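Peer 1: Sequence:
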Amino acid sequence: MATLGFRAGRALSLLAATFLVAVSISVHAVLMAPEAAANCSLSADEAAFVALLSERGISPAPGATGCDLAMGGHVVAYDIRHGVSPAAEARKVYLNTNLSTEQSMWFVATAVVVFAPEMVPSQTSTVPIT
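Going by the numbering used here, the sequence shown opens with residue 18, and the numbers climb by one from there.
Treat the hints as calculated values from the structure; they're not laboratory data.
Any given hint might turn out to be false.
[Said to hold, decoys possible] Have a look at the derived ranges for each label pair, beta carbon to beta carbon: (1) A61 <-> A126: 25 to 35 Å; (2) E135 <-> K109: 20 to 30 Å; (3) S139 <-> G80: 32 to 42 Å; (4) V137 <-> L112: 19 to 29 Å.
Bear in mind the structure is a predicted one, so any value in this text is a computation, not a measurement.
Ideal Cβ positions, reconstructed from N, Cα and C, are used throughout, including at glycine.
Please take these sequences and the hints and turn them into a complete structure.
Peer 2: Structure representation (structure tokens):
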């Protein structure tokens, strides 16, 4: 019994320490967010991405910026380059945001066209003309 009590106490101490570290990291992130937003500047591609999203009624969530949208687009492009299917990526966007299915697909398609154009299938035909 004494051993069980010792291990439980040690586990609780470890859990409490982990919780305190997580809280301090979260507070630091929240406090630093306004500074990061103030220093936000979009590249031409990122500005185009945000403009294309706004055509479909997609705008930053309350407290977020165009830079946050652009970062999401970069993440989508990274995932697509590394083998995630566009459909799976759109589903992830749909499940983790307040976007509709159509908006989620638009977000993914726009991210690929703007940030990973090499992943867009070619429009040229490979069939020889006889």
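Peer 1: If I claimed the Cβ atoms of E135 and K109 lie 20 to 30 Å apart, would that claim hold in this structure?
Peer 2: holds, 21 Å
Peer 1: When you take the CB atoms of V137 and L112, is the distance between them in 19 to 29 Å?
Peer 2: holds, 25 Å
Peer 1: For the hint 32 to 42 Å, verify it against the beta carbon of S139 and that of G80.
Peer 2: Holds - the Cβ-Cβ distance for S139 and G80, about 40 Å, lies within 32 to 42 Å.
Peer 1: If I claimed the Cβ atoms of A61 and A126 lie 25 to 35 Å apart, would that claim hold in this structure?
Peer 2: violated, 19 Å
In terms of the numbered hints stated before, the structure departs from hint 1 and from no other.
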